[in-house]
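Student: These are the residues of each chain, in order.
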Amino acid sequence: MKRVLDILRLYSTGIRIGLAENLAYRGNFLIRFFVMFLSDLLFPLVALLVYRSGAAFPGWTLEEVLLIQGIFMMAKGFAYLFFFGLVWNIGEMVRDGLFDLMLIKPCSVIHLAAATSFSLENSGSLLGGSGIFIYAVSKIPKPGLWEWAAFFLLFLLSLSVLFSFSLLMSGTLFKWVGNSRIYEIFNTITQFGLFPKTIYSRAFQNILTYLIPIAMIAFFPAAVLKGDKPEGLFLSAGICLVFLFAARLFWHAMLKSYSSAGG
Amino acid sequence: MEKMASRFFNGRLLTSVAAATYKEWAAYRSHILVSLFVGPVYFLVQYFIWSALFHNTTTINGFTLQEMLVYYGVTTLINYCIMDFADWNLQMLIRTGRFITFLLRPVSHRFFALAQKVGHRFLGFWLEFIPVYLIFLFVFRLPLVPADLFWSVLSLIFGFLMMFLVNYSIGITGFWLIRTDGLRSFFLIFRDVFAGVFIPLVFFPGWLQKVLFFLPFQYISYVPVRVFSGNYELGGVTLAIPVIVAIQGVYVFLMGLVSEFLWRLGIKRFTGVGV
Amino acid sequence: MLIEVAELKKTYIHYERGGSFFEAVKSIFLRKAMPIEALKGISFTIEPGELVGFLGPNGAGKSTTIKILTGVLYPSSGRVKVAGYVPWRDRVKYVAGIGAVFGQKSQLIWDIPPVDAFLMNKAIYRISDKEYRTTLNMLVSLLEVERHIKTPTRQLSLGERMRCEFIMAMLHRPQIVFLDEPTIGLDVVAKEKIRSFIKKMNEQGVTFILTTHDLDDVERLARRVILINRGELIFDDTIGAFRGYLGKKKFVTVRTAKPLVTVAFSGMRVLNPLSEYQMEMELDMEAVELNAFIRYLDEEYGIKDLIIEEPPIENILKSLY
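Chains as they are written, first to last, in the working numbering: chain A, 1 to 263; chain B, 1 to 275; chain C, 1 to 321.
Calculated from the structure, these hints are not laboratory results. Just to be clear, a hint being listed does not mean it is correct.
As the list claims (entries may be wrong) - Below, simulated DSSO-like cross-link-like pairs (lysine-lysine); rule was C-alpha separation at most 30 Å, straight line:
hint : chain 1 : residue 1 : chain 2 : residue 2
1    : C       : Lys32     : C       : Lys130
2    : C       : Lys81     : A       : Lys2
3    : C       : Lys200    : C       : Lys93
4    : C       : Lys81     : C       : Lys32
5    : A       : Lys256    : C       : Lys130
6    : A       : Lys256    : C       : Lys93
7    : C       : Lys150    : A       : Lys175
8    : A       : Lys175    : C       : Lys105
9    : A       : Lys256    : C       : Lys40
10   : C       : Lys93     : A       : Lys2
11   : C       : Lys150    : C       : Lys199
12   : A       : Lys175    : B       : Lys23
13   : C       : Lys130    : C       : Lys200
14   : A       : Lys175    : C       : Lys199
15   : C       : Lys93     : C       : Lys9
16   : C       : Lys9      : A       : Lys256
17   : B       : Lys23     : C       : Lys32
18   : C       : Lys200    : A       : Lys256
It should be emphasised that the depicted structure is a prediction, and the values quoted were computed from it without experimental measurement.
Only chain A is shown next, with the shape it has when bound in the complex (with noise of 0.2 Å):
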């Protein structure tokens, strides 16, 4: 219990710390706020031009895909506001030559790079994603109780999916220091996650339901949301847990590989 707390307190300075460090430059901070806000809003953009244009994705509504669209952007603002920095964070430090200040802290390297790179400005993805998933909500048939409690277990689930890849991504630049396109890497990976599952190949899906998790991400959330029983559901939240479990592993094999290279 007492680890929770030192834990805990470790994140709230880190929050402290953030802030202040986001009042230092007010105006960029707002800009880029802004920024993080307008360029979630890219995707739903597109969809609502290509179905007011006459398409639609077979079985799926506009307001249906925003919907999945929305919780993508919520899980990943959720993410990048208080873990997902920490790719960012390992990354510099290694290629800066400072990781070692990292190591020679008291602490679990993970919570501390995630705690240490609270930054508010990541708030505006939230803002966004919540936006569009309360319209998108407000469009479908009315929830109910079960539908919410599985929403909220699931949306659990997605967060731990976006997790992983963050400890996949910093793991990896451990070895391919400073590599700026790791971000690219995720974004067109995780691409696939924005857009309903039954419009990819019987391959695909199966890609991105249990080797991948992506489709955990955004696409189970949502089809649960709005009623349906989707397939693959029980087996792609195991494997939500083993893609955990492994990208865990992983990290710490990079890192015990950097400690034993001398960075």
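Put chains B and C on the given structure of chain A with help from the hints.
Tutor: Showing chains B and C alone in chain A's frame:
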């Protein structure tokens, strides 16, 4: 006149800077080769999206499925030929103060930056354009043959210059703004959206399309892509290929004037003239 | 025994990468491994309360040793025990009791005042409010930075910043502190402030391991010197023994009334003829009787000014490297 021309175009400088930039970036091969993954996978997603959207119709906004896929494929390929970091490079030079080394030398920084782009993109041609073109051709069976090679190449060159001048002008704002990364991201998204990178411009509302005709962004990517396909349309207006390419050329010239004007303002501020 | 190091070995493996495109692609599949022996088996022990200077040229294995001692690097073989821990194995528990100041790597946060960074350390090291206040006040007054800890780091001078780095490193009252070039780039006054702080803390029982190229730091602070070169430990003794390593030598500067031509004396070696009337010399005290030498100089040339001192440490190092 000759002196002014040599200030704006210096053949020896072009080749030496381009060669140096080429070599410098050749050391970051793995960085550039990421495009071999990102490009085709991005296209794969588009393939699935549009195949699903076209499931019960043959045309959307005047595009067939084939034409839509060609649009996205060619947009990606053209991007490999015309993209650059001119805005980022210039802002970094200004922010770190290293920019002063250019003022002390008899060289136009804009031309220097253009030469850098030539070197960088020449590398990108081999490492990005050719491999991804082959992937599109053989794996995705995309018919990637230009309607008219001459106009396509000319339009591509204009797009190359246009991208450079727009990016460079964004970089010039670094003379006024201290921390520019936020604004830069905003401009880049703005530029890409209205250059038709995310969706063909004809999907936008009619009134917006008419406005976009007069903005410089479509001349970066949208025009070269449509010239490649052999038919150009925007805001309900169809134009012959030579006509739109000519207009593109005019816009490149105008953008050059705009960047020159911004440059003079920026230098005045940097050197404190009139303060 | 606070620190025990036995037969410590570390070999890095570097991979050759060709320059041309073809070689780079080939290197993805087949890489030629080149082992580099950074440490060839060094051993030493350090008692609590010591102040040890680690010297050695760059690439000698100094930083490798320090990284292993701080738990940041795994050795290839050998035994290390610090305060009862194996540094890299029990990392989280071990580092709670050590501190580090890196001259070139700041632990402060650039845009905000040091006191905010201190709060971060307070949370990381789980320092209680009371302990934090007491220790902070003590360190702040010792280092004379009352006015500076509330100013954004980027507005502080290098000397002020370094003093705040020391607070960062010692807020949690570590028993061992590792210092890596702590006075680099500082002016004389700032260096003195830091050196007197280190001495005071050392008197209170804190063990310091100092890695530096600044020989003044070594002369004024270190009571023991460990020299590492080419992965081997080539010297480990007190600073007095370090100076005496070169044998009994004295460094003499003389200014005379008559021109110093054909100066010769058995056991004397001319180091540097500064001018006609000034000269730097080295005396081997085992071969020279000082009285006789001074009499000789005065009778032959007339002494106007004479300085006799210990040889500068550079000379010792040069002969040892």
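Student: Going through the numbered hints above, which ones does this structure break? Give me the numbers in ascending order.
Tutor: Checked against the structure, the hints that fail are numbers 1, 4, 5, 7, 14 and 18, while the rest are satisfied.
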